[in-house]
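Chemist: Take the sequences, apply the hints, and build the full model.
Quick mapping for you: the protein sequence lines, in order, are chains S and V.
Residues 3 to 441 (this note's numbering) make up the first sequence, in order.
Residues 14 to 267 (this note's numbering) make up the second sequence, in order.
Hints are supplied without guarantee of correctness; some may be wrong.
Unchecked claim - Calculated pairs, DSSO-like style, for lysine-lysine (alpha carbon to alpha carbon, straight line, at most 30 Å):
hint	chain 1	residue 1	chain 2	residue 2
1	V	Lys78	V	Lys178
2	V	Lys131	S	Lys430
3	V	Lys113	S	Lys430
The set of hints was computed from the structure by calculation and includes no laboratory data.
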Amino acid sequence: MTSDKSFYEFISNGVPGPEQKVDADNAILPARKLAFGRFKELGLPTVKTEEWRYTNIQRYLKDAFTLAQEEQGTVTAEQLKSAGIPQLDSYRAVLVNGRLQADISTLPTGGKITVSKVSDAAGNPQLQAWFDKHPHLQSQPFAALNAALFADGLFIEAGVNASLDKPLHIIHVYTASANAFIQPRHLIVLHKSATLEVIESAVGINDNAIAFVNGVTEVVLEENAELWHYNIQSTVKNSRHIYHTSTTQKADSRYHHFNFTLPSAELTRNNLSVALTGSNTETNLHGLYLATGTQHVDNHTFVDHLVPNCNSNELYKGVLLDDANGVFTGKIHVHQDAQKTNAFQQNNNLLMSEKANINSQPQLEIYADDVKCSHGFTVGRFSEESLFYLRSRGIGEEAAKSLLVNAFAFDITDQVHIPALQDFLAEKIRQYVAGAINN
Amino acid sequence: MLTIKNLHAEVDGKQILKGINLEIKKGEMHAIMGPNGSGKSSLSSVLAGRENYTVTQGEVIFEGKNLLDMSPEDRAREGLFMAFQYPVEIPGVSNLHFLKTALNEIRAYHSLPAMESKEFLKLTKEKQQLVDFNANLMNRSLNEGFSGGEKKRNEVFQLAMLDPKLAILDETDSGLDIDALRIVAAGVNKLRSADKAFMVITHYQRLLEYIVPDFVHVLYNGQIVKTGTKELALELEEKGYDWLKEEVHQKESV
Ligand SMILES: Nc1ncnc2c1ncn2[C@@H]1O[C@H](COP(=O)(O)OP(=O)(O)O)[C@@H](O)[C@H]1O
Ligand SMILES: [Mg+2]
Chain S
3 MTSDKSFYEF ISNGVPGPEQ KVDADNAILP ARKLAFGRFK ELGLPTVKTE
53 EWRYTNIQRY LKDAFTLAQE EQGTVTAEQL KSAGIPQLDS YRAVLVNGRL
103 QADISTLPTG GKITVSKVSD AAGNPQLQAW FDKHPHLQSQ PFAALNAALF
153 ADGLFIEAGV NASLDKPLHI IHVYTASANA FIQPRHLIVL HKSATLEVIE
203 SAVGINDNAI AFVNGVTEVV LEENAELWHY NIQSTVKNSR HIYHTSTTQK
253 ADSRYHHFNF TLPSAELTRN NLSVALTGSN TETNLHGLYL ATGTQHVDNH
303 TFVDHLVPNC NSNELYKGVL LDDANGVFTG KIHVHQDAQK TNAFQQNNNL
353 LMSEKANINS QPQLEIYADD VKCSHGFTVG RFSEESLFYL RSRGIGEEAA
403 KSLLVNAFAF DITDQVHIPA LQDFLAEKIR QYVAGAINN
Chain V
14 MLTIKNLHAE VDGKQILKGI NLEIKKGEMH AIMGPNGSGK SSLSSVLAGR
64 ENYTVTQGEV IFEGKNLLDM SPEDRAREGL FMAFQYPVEI PGVSNLHFLK
114 TALNEIRAYH SLPAMESKEF LKLTKEKQQL VDFNANLMNR SLNEGFSGGE
164 KKRNEVFQLA MLDPKLAILD ETDSGLDIDA LRIVAAGVNK LRSADKAFMV
214 ITHYQRLLEY IVPDFVHVLY NGQIVKTGTK ELALELEEKG YDWLKEEVHQ
264 KESV
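Modeler: Dropping the structure here:
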């Protein structure tokens, strides 16, 4: 670890390579090696790389990091509480720097749905079949780096027709005594007609060192499977996140993804991509980002319509304060064979300060002729008239702004079907607005 | 209750109110009339605390306190209410949730506990019947997609719910058909009491047939140029405003 070498040099030559990673029977090693080669070949993106134009990633990689996944962190009950969602009745998988802590987790039992460490399940045929296979990951350097050197993560498998009585909550705890580059990795496979609700949330518990999290989750939905997938990003200021979520949907499957980016990680880059490989699927992508200070939030989404008769619907909304910077790039690719596609995309932004900024661009590539596609983008300022109306009824400025931000976010939060999670988000919005007014 | 002394205000550097003097006592009903653009809405906006107006001279005392020093929310909490000429649509904020928030913020200001849901619903039902406000609209987003008349009725419904000491109605009658006007007027009359006061801004005399004012003031060019009783409203209906304008200009040229 030295800071005078570039991050690329550091990774390529300065850290133990994939050979040093021990999984069960070394079953993932070949995939790791392949990915490492891919990473070296792809190199790191610069602002000249189209997909990274608005996010100068080099800037966030300048600091010296260790690959802290080797650190065996611990977590106290109090710290865990701060990562929780009050009143949420769920199964719970607690991961410290990517590693499952069985003693403080409550995993489903009974066998139809299994939650294990990737390292323990390395030889599992499903894992072998799907690990790092998602087509959209192949061109992504950070995903390749993750595959090559990830610490550990969860392998979740739901059998045919399986379902759970309550959601599975994955709590990520990131702790580092020195600047750390942390790489968790998950694979979620839902077999035919299985359904599952998964909530991921994260907490950083060391403000003094930078936690750079480079995470990847791959999802596979077999025929008629349905996944509700919530990702809540609310960690400390001193953290940076690159996250890839790559999903494959087979016929008749339904995928509902929610991404909530809340204060106050300084960098959040989400790559969410869905490949539709079977017909009659439904894909709902919802995003809400609330950014303050100098936060930079970049959402790149990609819906790949490969076959006919699929429906995708995307709504991302953002509220930006202070000097916060937002990026939204929504790509929809409708292949020539993908007739009768319905693909909708909308990105709405509310700027609450003069200096806040948003770069939003749809990328529609449509090669089929019998399709319904639309996209839209709006950016608005806070309505002074609405604010005055509320205040003139006795509602204080903070409560009034909170009502308005909640109202703006309503079409997203209203789609959340877990009341405890809805309440949690409403409270986060309240805190966000209060923070905005008090600073 | 309310004393306005020599009030001057401007917006975007343009002088709009040019020395308003007005005294409103408990139990009184004041009507403010005047041609378009004379400053009626500006006066109510300044009283309610709209931020784009700057008061350049004068003072306003409300129940012994300096009104102009207070934030809009504190004015409301002290018992001032303005029914908007153009109520705002706020998608995503439910009418009921909004009212409950408002009511409880006002209660908290007076060190009262938040109202129980049951009690709140009872009050809602009672007031909704009082002003004949469509119950289906209560769970909808605030004013979103409401007709002009529904919005105006919602203003009066809010007025009934929040029970202020002084209510300012800014052209609440415009856009209402005669039946709606009667209902709204009946509602207002039911809310009248010895310790409350009203300032009703209107263009038309017809509202004043239902809500009988104690005083009628004519606002013209940022000043109250004439004050009388309900007969003045009738006279204005008959003769229009031109004779008053001439009177003012004659005075100015002297
Ligand atoms: N924001 C503003 N900027 C400039 N002029 C304004 C603004 N608001 C109102 N005015 C002007 O103030 C005057 C009084 O308007 P208003 O109070 O709405 O009159 P009324 O309610 O009596 O019709 C009008 O000449 C109007 O054009
Ligand atoms: Mg007006």
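Chemist: Confirm or reject each hint.
Modeler: Comparing the hints with the structure gives:
1. V:Lys78 - V:Lys178: Roughly 14 Å between the alpha carbons, so the hint for Lys78 (chain V) and Lys178 (chain V) holds.
2. V:Lys131 - S:Lys430: With a Cα-Cα distance of about 28 Å, the restraint between Lys131 (chain V) and Lys430 (chain S) holds, given a limit of 30 Å.
3. V:Lys113 - S:Lys430: Between Lys113 (chain V) and Lys430 (chain S) the Cα gap is close to 21 Å, so the pair holds against 30 Å.
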